[in-house]
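Engineer: Put together the whole structure using the sequences plus the hints.
There are 2 protein chains.
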Amino acid sequence: MIKNFDFDSFTSIYADKKISKMGEMLARYQRKLMDLDIPVMIIIEGWESAGHEFVINDLIRELNPRNHHVKEYDYSNRVEKDMPFLWKYWKLIPKKGDMTILDKSYYFNLFNNKEIDKAELENNYELINTFERHLSDDNMLILKFFLHVKKKTHKNRIEALKHDKNRSFFVTDIDNKQYKNYEYYEKRIGRMLDKTNYDFAPWHVVSAEDLKLAAREIIGKVSESVINKINEVSKQKEIVYTRKPFTGPYPLNDIDLTLSVDDDIYDKELDELQEEIEGLTYKLFNKNIPTILVFEGMDAAGKGGAIERLTRTMDARFYDVVATSAPKETEKQYHYLWRFYKEFPPRGKTTIFDRSWYGRVMVERVEGFATVQEWDRAYEEINLMEKNLADRGALIIKYFIIIDKDEQYRRFKERESDVDKIYKLTDEDWRNREKWDPYIDSMNEMLVKTHKENAPWIIIEGNDKKFARLKVLREFIQRAKQFIDDK
Amino acid sequence: MIKNFDFDSFTSIYADKKISKMGEMLARYQRKLMDLDIPVMIIIEGWESAGHEFVINDLIRELNPRNHHVKEYDYSNRVEKDMPFLWKYWKLIPKKGDMTILDKSYYFNLFNNKEIDKAELENNYELINTFERHLSDDNMLILKFFLHVKKKTHKNRIEALKHDKNRSFFVTDIDNKQYKNYEYYEKRIGRMLDKTNYDFAPWHVVSAEDLKLAAREIIGKVSESVINKINEVSKQKEIVYTRKPFTGPYPLNDIDLTLSVDDDIYDKELDELQEEIEGLTYKLFNKNIPTILVFEGMDAAGKGGAIERLTRTMDARFYDVVATSAPKETEKQYHYLWRFYKEFPPRGKTTIFDRSWYGRVMVERVEGFATVQEWDRAYEEINLMEKNLADRGALIIKYFIIIDKDEQYRRFKERESDVDKIYKLTDEDWRNREKWDPYIDSMNEMLVKTHKENAPWIIIEGNDKKFARLKVLREFIQRAKQFIDDK
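Top to bottom, those sequences are chains A and B.
Quick note, in my numbering, the first sequence goes up one by one and the last residue is 487.
Quick note, in my numbering, the second sequence goes up one by one and the last residue is 487.
Please note that the accuracy of each hint is not assured.
As the list makes no split between identical chains, a pair holds if one copy fits it or if it spans any two.
What the hints assert, rightly or not - No farther apart than 30 Å at their CA atoms in a straight line, the calculated lysine-lysine pairs in the DSS-like style are these:
(1) K424 x K342
(2) K421 x K17
(3) K328 x K32
(4) K424 x K17
(5) K328 x K91
(6) K283 x K212
(7) K421 x K18
(8) K18 x K268
(9) K17 x K150
(10) K342 x K118
(11) K465 x K421
(12) K342 x K88
(13) K95 x K424
(14) K96 x K342
(15) K195 x K221
I should point out that these hints are in silico values taken from the structure, not numbers from a laboratory.
Remember, predicted model here, so these are calculated numbers, not experimental data.
Structural biologist: Written out as structure tokens, the structure reads:
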């Protein structure tokens with residue numbers, strides 16, 4: 001049973017309002033949302049054939065079609081089964097000031113697919129709650145409606161649709177399954193709503209017995225929530241955010257940067273490691289393991305050189321290197337993790353991030369590109385994103401290459417005087433160098449807060465490039481082999 | 001037989017060069033390509049199991065992995081069968097300064113899929129040649145290699161692969177089919193190479209009997225072509241481009257802008273037309289027809305209002321409105337049509353472009369954002385793109401809404417004084433207005449040069465908004481019905 005829902009006493013408090021007037025009002029708020037850069041995501045779930053299209057059409061009728069997008073559920077589930085959960089939805093989220101209406105969503109599968117076991121279901125609920133909370137933290141307004149109908153009405157709707165010559169194709173097996181097992185599905189739905197009902201993304205169960213009334217209720221609720229959100233965002237600037245200061249530990253303080261390797265040992269070992277990596281790449285592919293490698297470190301720490309050695313014998317079709325720089329105009333229109341979701345590898349392949357989402361808690365923190373509140377919550381956002389990837393079977397290794405200040409100076413000078421390397425050195429590198437200590441602080445905190453068993457940081461002593469490269473390769477081999485064995 | 005290819009006398013002119021030295025040289029040119037914003041696309045085709053991965057790994061070994069991307073052929077053909085030919089490849093093209101290596105490509109299907117009939121094959125060749133020429137016109141360097149092996153070698157390669165424990169999964173039915181019908185495929189391949197071999201995207205047939213030799217030949221050819229391209233681009237600025245002046249006709253000169261409609265007739269007819277559109281949308285969906293609607297016209301011509309009336313009864317899940325504004329930073333990194341390819345609808349759905357790729361020959365022309373050469377060749381580029389879409393079954397209707405200068409002034413003033421509309425008016429609108437005549441010139445030429453039977457322009461007399469809206473809806477209904485009947 002869907003808890004606390006009483007069909008008989010359901011009346012929309014907007015029942016006596018004129019729907020076109022309500023729509024025009026909403027259109028006016030929509031422009032305010034655009035001014036304030038607030039993205040809105042509205043999810044319409046419900047019993048199959050309950051009348052989703054009817055309420056959606058009413059909802060958007062008066063809105064500016066340039067700024068809202070209705071996304072129909074893709075039953076085919078095509079690409080996404082190879083990808084992390086919610087991956088597809090990261091690509092569908094509205095940009096700032098836009099409104100996305102999802103006609104069925106990631107919830108659909110959760111209450112319709114009986115094959116998902118309880119543990120997976122719980123895990124999915126958690127991932128959804130996290131996803132929605134992160135978007136909400138980033139100022140997105142999220143509203144979720146469930147169109148509820150009685151068993152008899154459900155049957156009538158299906159029958160009516162079957163005889164509608166334009167729309168009979170909408171009736172599928174799922175309709176009949178739901179109808180035949182109405183009580184079972186009702187229980188499943190109830191549990192799902194319970195588990196995913198939070199202030200930051202509340203569910204509204206709406207009676208769709210009368211669709212006109214349902215549409216009015218939805219437009220009313222949306223308008224009400226939009227006004228609240230506008231008020232909330234307008235007031236946000238006044239709130240002072242204080243964070244718990246970081247008090248250690250400081251992993252970067254105890255690194256032995258004198259570690260080095262002889263040239264002839266380097267050559268020999270490099271050859272051996274690279275030979276082993278060639279075979280490993282195919283094994284990871286054959287085992288369907290997606291691999292995510294992250295390289296972070298100071299400017300001129302040797303990330304590029306290490307990546308070159310690591311990939312030298314990898315089959316070029318199986319990996320991609322993504323160089324992360326400052327976010328572009330378009331990317332700034334979304335949650336900062338959006339642009340990385342697009343790059344995650346499908347099963348069997350590898351993505352190597354040359355710098356990554358960790359910019360949020362390093363450069364964006366130190367340079368003030370993100371507010372304290374934004375980068376402070378990023379530790380948790382990142383941990384949960386990586387957990388999601390790991391839960392879906394990804395091998396994650398994060399390298400942090402450290403060099404000291406003198407070594408960096410030497411390398412900058414070397415780049416300046418080498419025609420083949422000068423392109424690597426920018427004014428920004430010199431500027432960042434002046435903030436060495438704040439950067440070290442941010443790095444220490446990051447390493448401590450985001451080091452997880454399934455997504456560990458490997459600290460690489462980088463003053464000797466050759467030592468660093470061998471360690472990167474050795475760690476990759478050891479961890480990849482272990483991962484394959486544990487599978 | 002693959003014409004003029006003599007295995008016995010094939011020797012790479014680079015045979016005695018050291019491959020690592022050649023690679024380092026290429027890496028140095030790569031940085032020059034980045035400086036000059038030149039994108040490079042390299043296609044590696046060949047007999048199955050000829051050794052693509054081997055030559056690709058050699059080719060990229062010394063390159064900066066941040067700036068090249070290897071894209072493996074996707075055998076599954078997943079989404080693309082619903083989309084225009086080459087649609088997927090528009091998303092894979094390199095951005096300026098990057099290098100994309102396609103391990104098999106749109107050519108693969110053409111020589112391996114026996115079910116493509118001759119007419120479709122010819123059509124595909126033409127579309128490919130157009131695609132490559134347009135990219136080349138936009139300064140892309142395109143190189144295509146075909147790895148050729150003798151029948152006996154082909155067999156040996158397949159056998160060797162089957163026994164390679166890491167890579168045996170690479171062997172598929174296609175290998176065996178090719179081997180068993182070697183002579184048939186050889187003929188098909190020969191014809192394909194012939195039909196798609198142009199200066200702007202030449203084929204190089206490379207003997208892959210000796211893969212080391214093949215890799216050297218490819219790196220050598222790539223380097224050579226890169227040098228030539230760099231020289232060509234460096235010299236481009238000196239070339240003076242003269243275009244054939246446009247001498248009419250001038251369709252916008254004879255528009256009757258006094259056409260209008262009475263309020264009560266408007267209301268009644270609007271209702272009727274909208275009711276008809278509701279059903280039509282489902283019919284187009286059921287017939288799997290992708291629909292592309294383009295709205296162009298002066299500022300304040302009433303495009304938005306017309307789109308709102310047109311979509312009012314459409315099922316919101318089946319259409320999307322794309323508002324086109326000035327290209328973003330990222331979009332400028334690609335051919336100007338790139339960003340539109342991402343928006344074209346799958347079968348059964350509708351995309352409505354509120355402004356479009358026609359900006360190239362209007363605002364970009366008048367404001368000097370594109371060079372004369374760039375916008376002058378855009379007419380042909382646009383015509384061929386639309387032909388491609390129409391050939392794949394798309395219904396295309398392009399509306400041009402015209403108002404006169406006085407009416408525009410009146411509407412600007414009205415927007416200024418209406419709190420709900422002022423957001424629509426920008427300084428740019430006033431600036432554009434000062435260039436009324438050059439805009440009219442560009443519009444006349446555009447209407448004449450891009451009016452095609454399968455992608456016609458409908459001129460809408462816009463001074464009376466209501467008249468304009470009814471005509472937009474009426475034309476849509478009439479053309480959509482006709483299109484469905486003709487199917």
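Engineer: When the structure is checked against the list of hints, which entries are broken? Sort them ascending.
Structural biologist: Going through the list in order, the structure violates no hint and respects every one.
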